[in-house]
Each structure stands twice: as structure tokens, then as C-alpha cells.
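Got chain A; can you put chains B, C and D with the ligands on it based on the hints?
Residue numbers (numbering that gives the first Met the number 0), protein chains in the order written: chain A, 0 to 337; chain B, 0 to 337; chain C, 0 to 408; chain D, 0 to 408.
A couple of the hints might just be wrong.
[Said to hold, decoys possible] Covered by chain D, per the in silico footprint, the following chain C stretches (three or more residues, Cβ under 8 Å):
| # | region |
| --- | --- |
| 1 | 220-229 |
| 2 | 247-255 |
| 3 | 258-267 |
| 4 | 368-381 |
| 5 | 393-400 |
[As the list claims (entries may be wrong)] Some chain A residues judged to face chain B by a derived CB distance under 8 Å, without partners named:
| # | residue |
| --- | --- |
| 6 | Ile94 |
| 7 | Lys238 |
| 8 | Ala239 |
| 9 | Ser279 |
| 10 | Gly282 |
| 11 | Glu291 |
| 12 | Phe294 |
| 13 | Ala296 |
| 14 | Asp308 |
Calculated from the structure, these hints are not laboratory results. Glycine residues also receive a C-beta, built at the ideal position from the N, C-alpha and C atoms.
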Amino acid sequence: MPAMNMLQALNSAMDVLLEKNPDVVMFGEDTGYFGGVFGATQGLQKKYGADRVFDAPINEAAIAAMAIGMAAKGLKPVAEIQFADYIFPAFDQIISEMSRLRYRSAGQFTSACVIRSPWGGGIRGGQTHSMSPEAFFTHIPGVKVVVPSNPYDAKGLLIAAAESDDPIIFFEPKRIYNGPFDGVPDAPLKSWAKHAKGEVPEGHYTVPLDKAEIVREGEACTVVTYGTLVHVAEHAAEKAGIDAEIIDLKTLAPYDIETIAASVNKTGRVVVAHEAPRTSGFGAELAAQIQEECFYALEVPIYRLTGWDTPYPHAHEWAYFPGQARFIRALETVMETR
Amino acid sequence: MPAMNMLQALNSAMDVLLEKNPDVVMFGEDTGYFGGVFGATQGLQKKYGADRVFDAPINEAAIAAMAIGMAAKGLKPVAEIQFADYIFPAFDQIISEMSRLRYRSAGQFTSACVIRSPWGGGIRGGQTHSMSPEAFFTHIPGVKVVVPSNPYDAKGLLIAAAESDDPIIFFEPKRIYNGPFDGVPDAPLKSWAKHAKGEVPEGHYTVPLDKAEIVREGEACTVVTYGTLVHVAEHAAEKAGIDAEIIDLKTLAPYDIETIAASVNKTGRVVVAHEAPRTSGFGAELAAQIQEECFYALEVPIYRLTGWDTPYPHAHEWAYFPGQARFIRALETVMETR
Amino acid sequence: MTDRQPRLHVPSPPFRPGDEPDFSGLDLQKAGEAKRPAPDAGWKETADLATGLVGVLDHNHQAVGEWDPGLNPEVLREGLRHMALTRVYDERMLKLQRQGKMSFYMKSTGEEAVGVAAAMALRKSDMVFPSYRQQGILFARGRDIVDMMCHCISNSRDNLKGRQLPVHYTWAEGNFFSISGNLGTQFPQAVGYAMGAAYKGEDQVTASWIGDGTTAEGDFHAALTLASTYRAPVVFNVVNNQWAISTWQGIAKGDAPTFAAKGLGYGIASIRVDGNDFLAVYAATKWAAERARMGKGATMLELFTYRGDAHSTSDDPGRYRAKTEYTVWPLGDPIERLKNHLIGIGEWDEERHERMVEELTALVVKSYKEAESHGTLHDGPLAPTQTIFEDVYAEPDWRLRRQRQDLGV
Amino acid sequence: MTDRQPRLHVPSPPFRPGDEPDFSGLDLQKAGEAKRPAPDAGWKETADLATGLVGVLDHNHQAVGEWDPGLNPEVLREGLRHMALTRVYDERMLKLQRQGKMSFYMKSTGEEAVGVAAAMALRKSDMVFPSYRQQGILFARGRDIVDMMCHCISNSRDNLKGRQLPVHYTWAEGNFFSISGNLGTQFPQAVGYAMGAAYKGEDQVTASWIGDGTTAEGDFHAALTLASTYRAPVVFNVVNNQWAISTWQGIAKGDAPTFAAKGLGYGIASIRVDGNDFLAVYAATKWAAERARMGKGATMLELFTYRGDAHSTSDDPGRYRAKTEYTVWPLGDPIERLKNHLIGIGEWDEERHERMVEELTALVVKSYKEAESHGTLHDGPLAPTQTIFEDVYAEPDWRLRRQRQDLGV
Ligand SMILES: Cc1ncc(C[n+]2csc(CCOP(=O)(O)OP(=O)(O)O)c2C)c(N)n1
Ligand SMILES: Cc1ncc(C[n+]2csc(CCOP(=O)(O)OP(=O)(O)O)c2C)c(N)n1
Ligand SMILES: [Mg+2]
Ligand SMILES: [Mg+2]
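In isolation and in its complexed conformation, chain A is listed as follows (with noise of 0.2 Å):
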């Protein structure tokens, strides 16, 4: 199988899609020609067509809408939009429309479409190329959240994603494109070619929309999480010697409910960790689910780790990170070795 970074894997599940379904569009800023900004869709207008990859004005509304009035006529459209800060502007689509299309209308019709999405900080792109707003989309009900973190299940993943019937957000975690990231931030770029979901397969899979991953077994305590903060977390619980056992959600909503309660009650200790702000942010969900769920089996508060409830600051990235150092303490927190 060949190595693939996250941007490879992800151009490689476009291809497969554009190549198997004749109904399958993309368009975004900049997607076109150029590729996209990060190179995702590299090489798919010239292979498909400007009619099939093409260049949307800069109107995050209108991609949105042009995708939920494509998709009712029966296309498949995945759309990007150029950085997860810039969804806002397509919000009021995604919410009021996207997500309702099919209950309001019974079922008469439906707007299942992918809106992929740069995601994450950790790449000093100061405070409008940085969020990580999962957390809204995790409150409409109708859309699927889906946040990878390696290119196997990137690939796998978008595939699902484009060949569901629902409407999906898909994030994509921009520090890790290249590389995974331990949350040391001057360590220099690791490769994915040396990680084993960085084997990815050339043709068509999937990973399932609907189940987390124990990506690291352990008896000590559960760390839920996703995206970038997957890395952070093996890192942490390797350096700080702790058996913590590490869930990739990969899907927040729905999220995997069972595998979650299962590891927790075991291990009765449990981080959960994201770079959003604190407040209301996906930790909030995952924590009030699990003492819910496993209440009788917590040794211990729930860990919220998280971004702080201030914008994401450019010089202070790392001060604002959840790095290496707040996950040990978190850790070591709900370890009660501090």
C-alpha cells in the first residue's frame, strides 16, 4: 500500500468518487484550477473537467446553497469551504436549511452533500485561520460531524461521508496534513509515511461514520478526543507513563456512544480534550453523557481539556494549545499523581 499524507489521502477519495459516480461535483475557493489552497483537490479539474471541479465565488452562503439545491436535484456534491473560520457566512444555510431539508419536506427531499473544512490550529494562522467550531454543528440536528485524524481514515471516511445520505461537515485537521503532531511545537515535522495509518489504499473503502477507534489500549484512564489532539494525547500518555487508553471519536455526531461508556467503565477516570473554547464546547456533550452513562463507575471529575474562552491568539499559539504540558497535567489531574 503506499504512503500517503492527509492531503494525498484525501485527493485520492475525491478521485475515487469523481471517477465512480458521474454525479459527484466539487467546487470552492480557489478548489479549481489551483487545487485549493492546501492542495486537496489538486489534479481533479484537469482529470474531470472544469464542470465537474471548478472555482466558486468568495460566498460561503451561496457554496452552501448551491450545494443543497444540487444535491435536491440528485447530485452528490462535496464542497470545501477554504478555512473552518469561514463556515459562519454558510451557517444560517446549514442550519436553517441543509439540516431540515428532508424532515420538513418528509422526506419529499433531501441535501446530502459534504462540506469538507481546513480545521484545527497549531499552524500560527492567527485567530481567523485557527477554529475549530465542531462544537456548533454538534447542536444541528440533521448534519453529521466528522473529524479525522490520519490519512487512512481521512480517505475512508470522506468516501462514507460522500456516499451518505445525509448531509455532512467534514473537518479536516490542517497541523496534521502533513504530518502527525505530538504538541511540541519546535519538534521538527514528523511523516505520515512512517505512521501506519499513513498506509493508505489506492482504491475505494470506507471507515464507518458511526464508531469510534481505540487508537491506544490502557486500564488507567480514558481519553476521548479527535483530530490533532489524538497525537497529543498518545505522546502525552507515553511521556507522562500512564496507561491511559486513547478513543478517536472520528464521528462527534453521532459519536460512538458504546465505545466511549465501555472504556470508561473500566478505567473510571476521564479526559476529554479539544481545541475549541471551554465553554460549551464539545467536551461539554462528551462529559455530560459520560457521568450520565457511567456515573456509578467515575472515580474522579470528568477532565475538560480545552482551548480557553478567549479567540485563538496568533504570538500566544501555544499558550493557548492544549500542548504536551496541559495534557500530562491533565492526565496526572484525573491520575491523582499530581
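Just chains B, C and D with the ligands now, kept in the frame of chain A:
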């Protein structure tokens, strides 16, 4: 003190604000000559002139942007979004601009304004006149979120909001504009005149933006809620004969954790309640924080009583709304009497 | 405070309650005067049409000028019937709403030509994305009236399972999109749909409708930008009925000459049309659809009309506009005008008209009886309660399964 | 698959990498030809200007026609200096970014007249809401260069405390709003600000800038709608530099004749201007500001120019556009053109120019040394870490206090 319903109290607050501060301006869809579709700004254009109280075009983003620009210039805009369901076209202006202007300019510019909006269900409004989108806004650092539950607070909180130096999202539970609501759909409308908080001073006063209120003292369990459900909770506790302590949050961001924690530490049993969908609703934040804060005091899992993870249905409104039956069941569940 | 000079320009309508409305100052191009370019003409050739007014029926109720679609009397009578049925239906539903049979209603009084004539000019295979005030389309396309009523009273036969407010119809079989409660959102969606049809190589045209007030929304701009860039086969309709709830159209229009003129800024063919003239609406829609099918892209039509009644059952227009505005509105009533035209050409008479209205009234009354036999919002039966958990996703996940269980349904 | 006929019209630029660009087909109105209406003229009198091109400097570098602002040489030399400084600064900052001194940079190469001439035509008390490519305004308004650099390298003297990406300046004292990373959002805010000034009875004008690509955003429509309705004293600038990152302006413009023409649809005076002609930009801005101060409302200016370099330090334009496009761009270089004009009227010479550029280079080099003495992003010192918890609200609440404690700062 005169008896006022909530609309009259809000109108009185705006009258006081316009009278006192020549920099206060008000606008929104149909808020000028007509005085708003619910009448909240009635009579104010006539009294203060069309350049202080006026109609805006139907563009919620424009309304928010106009408020930001005016606030940056030193005015104090109090804008109306006709229904909270229609605030989403303004979401980008609120999250990307209003909430961050002070931060990104390091205090050189601010955007302190108030966005008022009728909020919540129970009026047969269907999916686009019933939403409770407060959770979204509590996940935005830089804005405060207020939800009054009675005329006295509505006036005092609105004046405090307009006199605050921060941007404030002010949600008005429209179901109780004209009278408190016990959660019994077909019961005759009650009047605010018979409610203690229906007595509202004519002049200027404020209700603090960072304090919750215990509206019913009790020892058995704690209910944390806001808006319409405060009344439903009171009625349910009465009816179920459960000695519940009921906390009316009033301000959701920042919420008054001290009042909540003190109560939970006393009772050990908690229901958090809102109308919005369950997943990532504001109840998740409350539950997550309470379990952290009061872990060792909790006797049973925190119960989240919420709307379902569906759009707000029209015909089956009362199957969606957390009314008496579901409220009582929640109380009985945390009391383990069920 | 109130005496000082206003420092902001805030446009206000010419008349308010208490005023004696007088529209003699309204300078409108006369019927028959507007030129009709070929449907594949460059958009610039529509520049005059965007500020003029395409009309066919003159003040003598004669069809005049280049835009006369030359319809045969059979078609005209059909149009008259659909418009009359729309009005009878609206009146009845309003009454029923007042009786508590439904939670809400919205009439299209005075605007019946907008929906009916457009629907008749389009093919039934063409797609429509309407707003909540084009129920005329449904009648013109032959939607079952009982079904329409069942939706409005949210009963067990409501094809939307009680999930939507009344008048927010959906009818996929009739190529009628799901009406949203959110203003303007459907405009750019219609472009996406039209692009989808083009992509699939179909010759289907997509049409969408919004109100004058709604043109202010960002989605209006999104739609026109998309349509201009991708030359989508779409017909944009702006129904300028002069009012947006209590807000006069001038608040959305500002200093723009007309709403149609906005289309020109995008390089889109744009025409202002007498919206109360069945023949003009028909002809303009036909022109736009033909243009779209020729691959020439979008057309923007402003339908100049007047909202004859309240915005909805939730407002009282007497509180914000002059009572007699509608009665002195210079473009009259679309039903009266088409009726008089038919009478003028000897194809109709008052008696037949009266009989038709009676017949339609009977039909509506009878239909409602049948509709009610399937339940009402208040007394049921409704769609089964568990349906509130369906259609959120293609398949309910554990959250919805548990919640349904929690509700015990 | 690739061979079939495309079924959607997707506009593409005339040239791509590998092509030999040739703009001889670009039909632009000649300098001096455009008429200049009185600033209080009706917006309709600008109709021709919106599709024409206001230019003053002709191909012989002479100032011609009605729009010549008749500036004295002192002012012209000042303009030249600001533009040259902008370019020297940009070049230096790019180099420093490549050396890792800052995270990101955006140049305004080729567009210097847009910011500089506008700033000089406005009063310093006028408010500006720029995008990220009008750094020229700061030089024209006398912003301290060291301060600008301290912001770009996010050091301890950064007046934004390291919170913003480089080039996202704020300077309240200089009436320079906070630049957002979100495209278009500032356009309607500028209208609100302008309305605020009008409301307060001040004669301050507000100006804002966005790019060609950004006109597609809904906020563009919001801004023009507000400005038209309330006749706000605002000057809208659309900087049409032909490119939006890799996307050709035609994707935003579609079939519209010009970006300026979009303004006409709102009843707003609209002018397309040679954006590389200092005198034309100056004159048009002056006209617009005067109009606003007369209470005549907004003006839309399209500044027709060309983005001479990459979009930002994050892209390589060689990947999406023909390498030599800029060199054959018919409107030339704004600095060269003003320089040649000054030389032509005997008020400047090559030697002085060279000396000026040397002097400016020395100033920039020296300023950077000073800036660096206050730290760099990489090596610090930065603003104290606890500042990340400040200015979220007027006062931090318990959540931020606890979080600061949690971080231990
Ligand atoms: C996004 C949004 N904002 C506000 C509303 C509330 N609203 C419903 S109808 C209406 C007026 C619409 O006026 P217009 O566009 O002229 O259409 P008309 O009703 O006259 O046909 C308003 C403000 C809404 N439904 N959606
Ligand atoms: C809302 C939003 N969407 C997308 C982006 C990403 N982006 C930054 S600059 C840019 C291109 C802007 O082009 P244009 O408006 O022509 O301005 P120019 O850079 O040419 O001055 C894009 C797409 C953004 N910053 N904000
Ligand atoms: Mg209207
Ligand atoms: Mg550009």
C-alpha cells in the same frame, strides 16, 4: 409599582434608555413605525424620532454589522432580530466581528451593543419561530448571553445590558411575553399582574448580569434553568411535591457558577433543563461544569431535560416541549422515587 | 427631543394610517409600450425594461403591444379559474383560521396572477422554489385541494406530517420545492438546482420567488452572483407587493430605481412586469424560460403588484398603512382585469363568472369537509407522534432512538 | 470523461501559466475622456462612469481632462514618497518573512496608489475600514513605521499584543479601523460607522476597501443596501486587482460589465477608476468624499488595478497565472507613472528618485533594527502571556480568571 407584562417591561426599559442616553438607537425589522411584530418597541419612534428608532431592511447580517459600526463610533445600538430563528444570517458578524473586536484591536475599538430577539417555543410557531439557539452563543468568547424569565428582570437586565461595555445577545422568551406559562398547553393564559415579578418600577434600575437567582428554595434537588422553563419547573416541583431548589440563571454567559455549586453541594441531585436540542445544548455545559465542581456531592447523575435532537415540530409541539409530564419525571428520576 | 432635525435619512412610505392615499404620482409605463427583445438578446437590451413596466392589458382591458402572448380563450379561462380558486381558497382558509382550525395562514390576495400565470407559462416539468405567497402555482399545477388543506390543518393526511407551519407546502411530484420559513434562502438553492439540471443535460428550467423586502437578504446577492457566473437556467421573481409586513418597500430598495434594475448590475436580463396583468406575467415568464432553455442564463423579473390583505393572520395592516391604499392601487385586481378582458373579447360573461365562483366555493367547502375527516390540528388525528423522530437523518441514530423511547412513543 | 462537452458555464481567465498574455483586447476608456459631474449630481449621471474608466495621466504621463485634481507638485511628491515607501516596506517585510521573522506577510505591489491617493484625498479625521492590502493608508497618515513592524513581528511592542496575524493593523488614533481576517465584514460595518457620524452631526466621512473577489460576499450587498437606504456618508472602494488568490475576477463578476456597475443597481453613484493613476484615484476619492459631506450619500469606486505579486506569502502565483501578465498589464505601475509625470512637468528627476528610494530603504532598515530591539515572534519578548486572557470582555469573568490560573500566568 405598576403591573407590566414582559413586553411592556421591555418597552419601558427601552424608553428609559432612549430618554437617558442620546447615543442609544434602535432598529430591526418592523421595529420603527409599527413597533415590532410583538410590539416591544411600540410608541418609541413616535416619541424619539425616526432617526433613533427605525426600520431596517430584512438582512440580519446588515443589522448586526450596522450595530457594530455604530458601536465602534460610540453609539449604543439596541437592535432587534425578529425571531431568534433568524439570527443565523448574522452569525458571522457576531462570532467573527462583534465578539472579537475588542480583543483583536487590543481594546482600541469595541462593539458594545445589544441584540434582542424573541426566543423559544410554545407558541405553535413551527420550526422557524420556536428555536432556542442560546448554546451557540455561549460558545463564543466575547459575547454575553442573557435570558430573562419575568417582566422585572427583563427590564432590569435589558437596561444593564445596554449599559454594559460588552456585546450582549438578549433572548426574550416569547411564550411568556404576556403571562407566565406552567407548561400546560391548554390551560387559560395567566397574567403577569398576579406574579410578584410582574411589578415593575417605572424608572431606571438594573438587574446584575452575573447573578443567578434562587426562585424557589429547596433541599431535595436542584433545577438549573432559564426563561420559560423556570415557570414550568416551579409548577412541576409543586405538583410533584418535591422540595426542589430552582435556579433561574438569567445570564448564561458567564453563568453564575457559585450559586449553582452552592445549591448542588447542598442537594446532590440536579436537573438542568432547556428547550433546545439535547446534543451540545447549554445543558451539556452546565452538567459538565457541575460534575467537575460538585463531583463528590452528587448522589445521582445529572439529568438533562431538553428538547429532542430534531427540528422543532409544529403539530407535535407539545411532544417536543419539556412540559409538566417530562419535568415531573425528571424530578422523580433524580429523587429516585420513580 | 422629537423636535430636532432627523440626522439620518430614513425613508418613509408616502401614506400611513389616516392619510388619503393617491398614487397619481406613480409614473408607470403604459401597457403595450414596452419593446420585446428576442429571448436570446444580450442582457443590455433589457435595460429599459428593468425600469419600465411590461404590460399587456390596457385600461380598456384589451391586449396590446409586443408582449401579448396571444393565448387562446381556453387558456385564459383556465388562468381565470386558477386565480379565482386561489382567492376563494384563501378566503375560506382565513375564515377557518379565525375559527381556530389552523395555527396560521397567509393569503395572496391581489397577487394571484404572479403564481398562476407563471406556473402556466412554465412547463410542469420545470422546477419551482416559491415563497409562501405563490399558492396559485399549486392550483395551476393541479395539486389536490384536499391535500393542500390537510397540510394546512396539520392532520393525519398532511404530507409534511405536521412538521411545518401552514402554507409552507412541499410537493415533490409537482416539482414544487419545500417552502422554507427563512426568507431568501431558496433563491441561491434554486440556482444550484438549475445548475444541476444543466449538468445533467436536461432542459428543465428552475424558477424562484421572493418578496420585495427579502431582496435585502445576502442570499439575494448570492443567487444573482452564482447565476451570473455559471449562466444557470433560472428565472428569478421578485414579487414587489409594496410591503414587507409593516415595512414599506423603500426600506429594501433605498434609492434604487426598481428592484428589477438590481439584476442589471450582474449582467442578468431584467424586466419589470405589471404583476396584476395575467398576460404580462405569462409573457415575461415565457420569455425568461425560453431564454434559459436557450442557454442564455438567468432572468430577473420584478412583479409589480400590491399585497391586498394582511401579511399573515398575525398582523393588522390598519396599524401601519392607509386603509384604502389597495382600493386606489392603480394596477387593479388581476382577476377583475382578466375577467374583463375575456368579457371584452366575447369569451366570458358576468353570469358565467358568478357561476364559476359559486362552483369553486362549493368545491372548496366540500374539500374542506373531506380534509377535516382526516383530522384537525386541535382535535387530531395527527401524524403518529413518533414521526417527530423520523427524517432527521436517513436513519435515526442512538440518540433519536433513545429519545423516542424516553418519550414513550 | 474529460472529452465530453462541459455542461456548466464556468468562466476562465484569458491566460494561464504557459500562455503569452496579451491585453490588447482590453477596451479601456482613455485618460481624460471621462466627464466629471458635479459631486452632488444624481447617481444616474455616473452611469457612464461606472462602465468607463476615470483616468488623468495619459500615456505621455500628462495630466489631462476634467478629473485632473490640479494638485501642486509638493503634494505629488508626497504621494510619490508614500507609494515608494509602501513598496520598499513591502519588499523588506517579504524578505524578513522569508527569513522567518514573521509568520505571514501580504504585499500591495502595484496597488500602492489605491491606498495612498485615497488617504491623501480624505481628511485625516475621516474614518477608514481597510482590507489587508491598503498599508499605503498608514504611510500616508504618518503611522510610525517601527510600530507597524512591531505589529508584524508580534513583539512586545505590537499594539495588538500579538493577537492578530501580521498586516492586520489597527490604529484608532489614526482613524484606522481594526482589519479583520474575514473578507467583506467591514463593508457594512463602515456604513454603520458612517451612520453614527451622521447621527452625531459630524461631517466625518467613512471609507472602506474590499477586493474584487470579496464583492461576491453577502456583506457586500448588505453594505450597499444599508448605504442606499440611509444615504450614509460612506465611500466604497472595490479594489479590482484582477485576482482573488488563484481565482480570476471573472468568477466574482460573472457577466456583470464592471464591478462599479453593481453600485448603480442600488442607486449609488458609481465610478470605475484607473487604480494605477495616482491623480485619478485622488480625484475620484475627493469627489466621493465631497459628495458624502454634502449629504448625498455613498459612492462606489472600482479601482482597476493589478496585483503585482503573490496573494500572500502562502501562495505561488506561477502556479495559476501567466508569469508575464503583470509586465504587460496595460495600466502600468502607479509609482513609475507618477514619477514620470513629475519628471515631465520638471518637478522631479531620476537622481532625486534614486536618492529618495535609498533614503526610504535606509529608513526601513533602521526602523526594523529598532523594531527588532523590542523582540520577534520567534525569540520574544512578546506581550506578557496573560494578555491572552484580557480584552475578551471589558472585565474577565470567573472563567477567564480560572483559566489564567490554570495556565499559571
Ligand atoms: C431570515 C428571515 N428574517 C425575517 C423573517 C420574518 N419575516 C417573515 S415574512 C417577512 C416580510 C417579508 O416581506 P417580503 O419579502 O416583501 O415578502 P411578502 O410577505 O410581501 O410576500 C419577515 C420580515 C423571516 N421569515 N426570515
Ligand atoms: C469570509 C472569508 N472567506 C475566505 C477567506 C480566504 N481568503 C483570504 S483572501 C482571499 C481572496 C480575496 O480576494 P480579493 O477580494 O480579490 O482581494 P485581494 O486579495 O485581491 O486584495 C480569500 C479567498 C477569508 N479570508 N474570509
Ligand atoms: Mg412584500
Ligand atoms: Mg483581488
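Given Ser279 of chain A was flagged as interface, is its beta-carbon under 8 Å from a beta-carbon of chain B?
-> Since chain B brings a Cβ to about 4 Å from Ser279 of chain A, closer than 8 Å, the hint holds.
Does the CB of Glu291 of chain A sit less than 8 Å away from some CB of chain B?
-> holds, 4 Å
Tell me if chain D covers the region 368-381 of chain C under the three-residue, 8 Å CB rule, please?
-> violated (count 0)
Coverage claim, chain D over the region 220-229 of chain C, checked by counting residues with Cβ within 8 Å (three needed) | holds (count 7)
Holds or violated: is there a CB of chain B closer than 8 Å to the CB of Lys238 of chain A?
-> violated, 25 Å
Against chain D, does the region 258-267 of chain C show at least 3 residues with beta-carbon separation below 8 Å?
-> holds (count 8)
Holds or violated: Asp308 of chain A as interface residue toward chain B, Cβ cutoff 8 Å?
-> holds, 5 Å
Establish whether the coverage given for the region 247-255 of chain C by chain D is satisfied; the threshold is a Cβ-Cβ distance below 8 Å, and no fewer than three residues must meet it.
-> holds (count 7)
Hint check: 8 Å Cβ-Cβ cutoff, Ala296 of chain A to chain B | Violated, about 11 Å.
Does the CB of Gly282 of chain A sit less than 8 Å away from some CB of chain B?
-> holds, 7 Å
Satisfaction of the Phe294 of chain A interface hint, Cβ to chain B closer than 8 Å | holds, 4 Å
Count the residues of the region 393-400 of chain C whose CB lies closer than 8 Å to any CB of chain D, then report whether that count reaches three.
-> Coverage by chain D is violated for the region 393-400 of chain C (0 residues, Cβ < 8 Å).
Hint compliance for this structure: hints 4, 5, 7, 8, 13 are broken, all remaining hints hold.
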